[in-house]
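Participant: Spelled out, the chains give:
There are 2 protein chains.
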Amino acid sequence: MATRSWWGWGNVQDAVTGQERDALTKRVAALLPGADLTVHEAPDPASLTIPKPRVAPPDSLAGLASDDPIDRVTHGHGQAFRDVVRCLLGRVEHVPDLVLRPRTDHDVVDILDWCTDAGIAVVPFGGGTSVVGGVELRCASEYSGTVALDLGRLDQVLEIDRTSRAARIQAGILGPALEATLRPHGLTLRHFPQSFEFSSLGGWLATRAGGHYATLYTHIDDMVESMRVVTPAGISESRRLPGSGAGPSPDRMFLGSEGILGVITEAWMRLQDRPRWRSGASVLFDDYDRAVAATRAIAQSGLYPTNCRLLDPVEAFINAGTATAGGVLVLGFESADHPVDESMRRVVEICADHGGSIPDGIRATDSAESAARPESAARPGAADTWRSAFLRMPYQRDALAAQSMIVETFETACTWDRFDALRAAVASSATEAFQTLGVPGVLTCRFTHVYPDGPAPYFGVYAAGRWGQTVEQWDEIKAAVSDAIEKSGATITHHHAVGRDHRRWYDRQRPDPFAAALRAAKATLDPAGILNPGVLIDPSPPT
Amino acid sequence: MATRSWWGWGNVQDAVTGQERDALTKRVAALLPGADLTVHEAPDPASLTIPKPRVAPPDSLAGLASDDPIDRVTHGHGQAFRDVVRCLLGRVEHVPDLVLRPRTDHDVVDILDWCTDAGIAVVPFGGGTSVVGGVELRCASEYSGTVALDLGRLDQVLEIDRTSRAARIQAGILGPALEATLRPHGLTLRHFPQSFEFSSLGGWLATRAGGHYATLYTHIDDMVESMRVVTPAGISESRRLPGSGAGPSPDRMFLGSEGILGVITEAWMRLQDRPRWRSGASVLFDDYDRAVAATRAIAQSGLYPTNCRLLDPVEAFINAGTATAGGVLVLGFESADHPVDESMRRVVEICADHGGSIPDGIRATDSAESAARPESAARPGAADTWRSAFLRMPYQRDALAAQSMIVETFETACTWDRFDALRAAVASSATEAFQTLGVPGVLTCRFTHVYPDGPAPYFGVYAAGRWGQTVEQWDEIKAAVSDAIEKSGATITHHHAVGRDHRRWYDRQRPDPFAAALRAAKATLDPAGILNPGVLIDPSPPT
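Read top to bottom, the protein sequences are chains A and B. Per this note's numbering, residue 105 is the first one in the first sequence, and the count goes up by one each step. Per this note's numbering, residue 105 is the first one in the second sequence, and the count goes up by one each step.
Take every hint as true, because none was put in to throw you off.
Each pair of labels, with its calculated beta carbon distance range:
1) B:Gln539 x A:Thr208: 40 to 50 Å
2) B:Arg266 x A:Asp464: 31 to 41 Å
3) B:Gly290 x A:Ala528: 21 to 31 Å
4) B:Gly338 x A:Ala528: 26 to 36 Å
5) B:Arg287 x A:Gln573: 53 to 63 Å
6) A:Ala525 x B:Asp445: 32 to 42 Å
Straight-line alpha carbon distances no greater than 25 Å define the calculated SDA-like cross-link-like pairs of lysine to any residue that follow:
7) A:Lys591 x B:Ser330
8) A:Lys156 x A:Leu193
9) A:Lys130 x A:Thr548
10) A:Lys591 x B:Ile339
11) A:Lys156 x A:Pro646
12) B:Lys156 x B:Asp214
13) A:Lys156 x A:Gly194
14) B:Lys591 x B:Thr535
15) B:Lys591 x A:Arg266
16) A:Lys591 x B:Arg374
17) B:Lys591 x A:Asp265
18) A:Lys591 x A:Asp616
19) A:Lys591 x B:Glu263
20) B:Lys591 x A:Gly338
21) A:Lys156 x A:Gly256
22) B:Lys591 x A:Ile264
23) B:Lys591 x A:Arg272
24) B:Lys591 x A:Glu341
25) B:Lys591 x A:Glu263
26) A:Lys591 x B:Ile264
Which residues of chain B face chain A? A few of them, derived with a C-beta cut under 7 Å, are:
27) Ser268
28) Gly347
29) Ser439
30) His598
31) His599
Keep in mind that the hints were calculated from the coordinates and are not lab data. Just so you know, even glycine gets a beta-carbon here, dropped at the ideal spot from N, CA and C.
Please build the complete structure, drawing on both the sequences and the hints.
Facilitator: This is the structure we're talking about:
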């Protein structure tokens, strides 16, 4: 039985140890010679000072409530680098008074009623994997209490419509359980964010998560047929529709609302048939500008590869073990309906036009054929290897965080005409911050998603910090680079959400009249201002 | 020089006359024997009784204002069947007091300021092609005056970003001028609603118009990079982004807002390269259920045809002159990057699996090749023929409206599992209404757009009404069928918008908490309640 870590990512049993830790430490030492990579252990949770709950549930809700100290601690933070390090340092902050676990929509209504009446702040909590302070209430003193509303018991697939390829799904279900339920029906949501194993459907919807597809269906938004949201002012349920033009989309108001307007309890989601044909290739470039141009041409080709992830030379070296002067473009196609060789042939041709080469050739598979040849089915493909590594990254991040490393990301999106300037601005602001802080560091860049009009660059920071100071050091780097992103005309977040950590830059990015409209919408749906205060807009606690 | 009709669609010179009228009349007589097809002419506009303006513009806005009676009349209605017939009957209603034509955003700000202060209702007016009462203010008496804000002078393409394939475009530009400006750059918006010739970018955005693409990019929404909207509370300008996850999308709040939140003055729009390769085919079916199943399989195949329009047997007979027992599926692919034969081959195979046949074969063209062979370039393809007929339909609608015919449409969308029941419900409600009214009529159905999870069916009504009563007869048919659509779980509009004509059913469809949030947003952005009162939500005039 797996045990969830109280301080870091995922399961205790899956933490980086032994040989994996040694190898990781060696790689980092080679990259940043002189770094102090002493391993610091997390404190015994029994030693933590955890404030007593300020409120007790009414009898009617007592069966849903937990005041267990560690339960409360794990519901008081997300999984950002700064969250993990603060736990490692024993800095347990913003612990909610109670964790409430509703079993039905009706329970959610009752909880919101109680909290509205009592002036208690409510933080909707899915998988708790926010990396932007989305589940960490920082203004508890302005409320009579704080509650983490954990949706984990609302975890069922309620209905499957095979004809329309859609399912009605409760918001608290986590990625693996969802896919396991759909698999016997030949269906899949195909939404695989890095947090997949521990994040929930409701969390994906509330934060406009980005997933599996590098093109076309990048955000969870496009897979939503309808949503059910419990607000303090009533339940909002939109109609199941494949498309509509009836006024502004109700779903689009709740998508990205990050828990400030209501609690998403279920959604009808559009599904896919499970893919049968796949094709993949890794294209090597000598020149990064030409690699970017090739990626842009592919994004504008109308071919819609499933995978189209350009790793810059540093990223390719660190995370794919490939030495190039211009980076690696990881390409993939998949289909449940038809072979994808022709599409792959064409994108490889586009790459060749821009100087790209594929020394390892194209890897094509047909599930039906490989099922008939067990030896090939048993051999994990490069895509699987990458996916395993991809899902392993958060564990490695935690291991390095415990070794005084600053390991974090910035993700954004911009139009193609602005990308060169954006990358230069991010690089120079990061470098300057490293120097000011005296922390040797490197910056990597990959595209997680690409659009016809621009890429979604994902920057990684690896810097050797000083134990006990890495949270503050990271905060300074974060501020410097976020300023550069905002000033470059890019978005402060492409798929990690705004939460509380991105508020300063989000406030500069979103149009003021829209913010005024959003505040008005919130005041109507959440008149007592109890829902996730401080996220997206300023808190307006009951007076 | 073309002259716009004051009472009906498009240009006076293009109206249906002579041989075209004779042929049309014969076709209808064959379809509905016994119909009285006497042609009724529109009255002389000089004979109309038009109320005097109640307000005069301040000196600062006088240069933008027109109080010409016919100018005002043409800005007081859209182009629905009921609009055209009322004009033919000389029933000129809801004439605005003034038409104002801003030249700049600043003019729009000044106009909104004046109207806010003076309690004057403002109806933003693009091309005036609304078919849902979107530009017809019906509560003028609650305001001190009414103004049609005609955006026709804001008609420029301001900037083109070839790298990102996007352009900054003013909202008042009409379809042909926009495409003509983009053509020398090798670019196209590829948004061709039936109203294309006379509708504007701003109108498309405000109403979430549906266009050229039968799959994937069906609505204008998906082509929006950013928008600029002048509201009474300030200008809202979103950032140019290819994708973002920073809170609920500001653009999605204004898309479909139908002029109640602000005046869209410009937008950055995503463009396409002009297609080079095209392939088309018409697939004939003996069985409609199998034709629907084939269309669904194609919609779920991930092949994304540009054209995928299933005509039912009646629609195929009336509008494509093809006799089938199961209907005709019109298929097309296009690409600027690669040949599309393989995709066409696969969808034809899917059709064959469902009993479809293509007696005329596949028509493939390569623009580069056909340019080298002038004889083939000169031959108009079937797609061009269909497009001409498609753009000609509103003129024919007007001709028939003047012959006592009731000619109108219902458009909707639903999930695949509900389509059979929806079609049956629409057919029985229409038939019952025809019988109750004693008007012989037929109902047709085609899919304008298809999604993996459902089609967008478009129903056509052709009924022989009684002169002088066809507006009221239509209103009864409309109410009966709209009830059936609403009760079937479909949307009251897929791409014609809500306006005032769809309000009753829209109000049942949208979630109440969303409506409350929308009213709150409007109260914030338009505190005096002057913008397009009665559309989407109830008017809240100044008190």
